[in-house]
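So you can see what is in the structure, the chains are spelled out below.
Number of protein chains: 2
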Amino acid sequence: MKPITITNVRVVDLRFPTSRESIGSDAVNKDPDYSAAYCILETDAEIEGHGLTFTLGRGTELCVTAIQYLSKFVCNRTLESMTSDLNGLYLQLVGDTQFRWLGPEKGVIHLACGALLNAVWDLYAKAEGKPVWRLLTEMTPEEIVAIVDFRYISDALTPEEALAILQTGKRGQAERLAALEADGYPAYTTSVGWFGFSDEKIRRLCHEAIAEGWTHFKLKVGGDAIDDLRRGRLVREEIGWDRRIMLDANQKWGVEEAIGRTLQLGELKPYWMEEPTSPDDILGHARIRAEVAPIRIATGEHCHNAVMFKQFLQAKAIDVCQIDSCRVAGINENLAILLMAAKFGIPVCPHAGGVGLCEYVQHLSIFDYLGVSCSLEDRIIEYVDHLHEHFRDPVVIQDGHYMVPTRPGYSGEVLAASLMRFEFTHGEAWRTEHDEIRSLHK
Amino acid sequence: MKPITITNVRVVDLRFPTSRESIGSDAVNKDPDYSAAYCILETDAEIEGHGLTFTLGRGTELCVTAIQYLSKFVCNRTLESMTSDLNGLYLQLVGDTQFRWLGPEKGVIHLACGALLNAVWDLYAKAEGKPVWRLLTEMTPEEIVAIVDFRYISDALTPEEALAILQTGKRGQAERLAALEADGYPAYTTSVGWFGFSDEKIRRLCHEAIAEGWTHFKLKVGGDAIDDLRRGRLVREEIGWDRRIMLDANQKWGVEEAIGRTLQLGELKPYWMEEPTSPDDILGHARIRAEVAPIRIATGEHCHNAVMFKQFLQAKAIDVCQIDSCRVAGINENLAILLMAAKFGIPVCPHAGGVGLCEYVQHLSIFDYLGVSCSLEDRIIEYVDHLHEHFRDPVVIQDGHYMVPTRPGYSGEVLAASLMRFEFTHGEAWRTEHDEIRSLHK
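Listed in order, the protein sequences are those of chains A and B.
Just so you know, we're using our numbering here: the first sequence kicks off at 672 and counts up by one.
Just so you know, we're using our numbering here: the second sequence kicks off at 672 and counts up by one.
Since the hints were derived computationally from the structure, they do not count as laboratory data.
Mixed in with the good hints there might be a few duds.
Same chains, same label: a pair holds when it works inside one copy or across any pair of copies.
DSS-like cross-link-like pairs, simulated, lysine-lysine; straight-line CA separation at most 30 Å [claimed, not checked]: (1) Lys987 <-> Lys872; (2) Lys743 <-> Lys701; (3) Lys940 <-> Lys841; (4) Lys1014 <-> Lys987; (5) Lys940 <-> Lys673; (6) Lys743 <-> Lys841; (7) Lys701 <-> Lys801; (8) Lys872 <-> Lys1014; (9) Lys743 <-> Lys940; (10) Lys743 <-> Lys872; (11) Lys1014 <-> Lys841.
Okay, chain A solo, but in the shape it has when bound (with noise of 0.2 Å):
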């Protein structure tokens, strides 16, 4: 077969304004627009690789320059040359002599990594033919261990316990895969209960959300106290107690706040406290979940890199762990992570809260059950019913549950249509109808 060449990267700044309705808005994140920085690898082939970071709006173009700098180390080399050693692709990215001071491997420099290898990822499975979830079922453990960066976490996961969780992870797999096909993978939906919602709309939400088979709702408190409770109250009412409710604070407290919060909203059995406090606080959400135990606690949004997460999990800080699929740089990070969290025991239900992550995180979870922890127990991905129409290979959601992704890739390509409708500030979507929403943007 004939080596592909990348020959070019272009790079867009996507925008979908999506803060004109209060989607996606918390105690914190108050007018999210729903955006990506978005890099497509042009190559001499016929197929192109296409990666995107996750962000809200304003700073994209941040990451959209970062990602253009650190093309360099992707442009004009074969995609062979890459797959043969992804985790030092991974080093090069993260190790640019004086690039890295502005990190090191954290905020917009790391996000700009994680575009770069979404869509390296994407490009390898879309050659070899594959789902992403699958290309990774199928590699050896020597092949998966190979491209986890290991320099600061051998401490907590050696390369030999890595390769006996994946060793231990190829027996009953074609079991589980038959399982996962028949029924999906389970999901919640956040997407009953922003923060700007109104009373009447939760209740809507939440009924129709029901009747589409959903059995976990999140609900965003971190206003004031009595108000969070009576919302909580309220979807309590329309969904019983059977069903769970997750309720996420987005970093709105302080530890002992977070204490004294957390406990006060126990009456509503909530499944999990969602970032109590400061995501780089793992010393305070080890103290949170010790004194509001038996309530577990969550984070894992903004948790920057495996250095961070590790420490979670050292700590005993974190009962779920929420990886997000582009804060941490690419498959090859969310995999140090994946088993870590194995090795520790503790489940991994992804953050999905954005634009894309829907359609990448189905892949890590599915391989994570098939390869890693081997388990659903406890384990449920995030989804928000946004936006998946501008996606050539939108998730599939039946009665609560991620249906198995076909097509060759990780998901993660937008139509060009809408590459070109809702780039900012060139597209439609900022050029014409919306002056107010651009402004914002100055």
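Got chain A; can you put chain B on it based on the hints?
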């Protein structure tokens, strides 16, 4: 007095081609071009506020763009509207509802916050006709406490505890100031032992530094183990055993490797081992510290915010707290860290290996001595002898000590001619002579 209003924020991408001489080189940062995203608050009065955030060259444009965006929180405001609520300004800068996704409070956008806050503090001090250290020292404890963001740190330091520290700090202040004005603040030199220097050059520089009165010398390690030891012995030969040597691995090692390597280097009797592993690894540092005792562990130049420093202190992970005046957001966040370090009894020895950092951190350390920790025990400020000629009010070093600065402001103001000459890419330094270096920035 007529109120001062910010009329415009000018931002400069300032880069010095230091990599040509291996200045600043270490095991990880092999070719730094000491740089800064630099901003000037233009006003309707005679004075301007100058602020910078230190960078290593490529990627400075990201900080420049971020500052340009965040300047909307400063432009067209009176100075008094900001100085009357500096914590409010901090919360505005770090809390932008869409921008914060790119952090929060870390990486590019936090470095940008730092530059802007540094500029506001510079303008504030100039308006008051005082150097920043004096402005801080003459504030009441209540005023200082009001500047600090306690949202995520009050579980480690309450406002009441901070107040008590600052009230105690008022005692004996005049005597401490008199001592500083006579002798200066102790410093150490990093300029002798950069990674890229030859053995001969290190010997010569040690020799010269001893003649200048230096007593503390930093050596970069993290290369080949035998080579590190050889270079350390060489420095010991030159400086003897009465002077002190600090070792700096610049994050080169994993946790277990760091323990082994630090123990190996123990024969050099280092005053501290700096950045033995990932800057995000609080628990890793705690383990290293426990296992290499009594060798002291230092880190902080890559520690991105007060929440991280809080945990380094809570976890007993460090013996030396090395704040970087620009990586955390301005004097506001540096104050939070100085106060926490004082409570935990850990000395602050600021990072200053960069352009403008020496100029900044002297103010922080002087205030720490005068009003917070009130001690010089195991306190020492880093010094590198490069690029000071570009500053309007450069640091003055005598006999290995920082002399107390007297001019109003934060001392970070770069001469107009230097701003012009080293502006990337239009300045003369980048336009004409150095085509080769310029091409590296592509």
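A quick look at each hint next to the structure:
Within a single copy, Lys987 and Lys872 get their C-alpha atoms no closer than 37 Å, and across copies no closer than 49 Å, so neither meets the 30 Å cut-off. Taking the closest pair of Cα atoms, Lys743 and Lys701 come within 30 Å of each other only across two copies (19 Å); inside a single copy the shortest separation is 36 Å, beyond that limit. Taking CA atoms no more than 30 Å apart as the test, Lys940 paired with Lys841 passes in neither setting, with 36 Å inside one copy and 50 Å between copies. For a Cα distance limit of 30 Å, the shortest separation of Lys1014 from Lys987 qualifies both inside one copy, at 13 Å, and across copies, at 26 Å.
Taking the shortest Cα distances, Lys940 and Lys673 never come within 30 Å of each other, neither inside one copy (58 Å) nor across copies (58 Å). Within a single copy, Lys743 and Lys841 get their C-alpha atoms no closer than 37 Å, and across copies no closer than 55 Å, so neither meets the 30 Å cut-off. Taking the closest pair of Cα atoms, Lys701 and Lys801 never come within 30 Å of each other, the shortest separation being 38 Å inside a single copy and 40 Å across copies. In this homomeric assembly, Lys872 and Lys1014 never come within 30 Å of each other (Cα to Cα): the closest approach is 41 Å inside a single copy and 49 Å across copies.
With identical chains, the CA atoms of Lys743 and Lys940 are never at most 30 Å apart, being 50 Å at best within one copy and 43 Å at best between copies. With identical chains, the CA atoms of Lys743 and Lys872 are never at most 30 Å apart, being 48 Å at best within one copy and 35 Å at best between copies. For a Cα distance limit of 30 Å, the shortest separation of Lys1014 from Lys841 inside one copy, 16 Å, qualifies, whereas the shortest one across copies, 52 Å, does not.
Hint compliance for this structure: hints 1, 3, 5, 6, 7, 8, 9, 10 are broken, all remaining hints hold.
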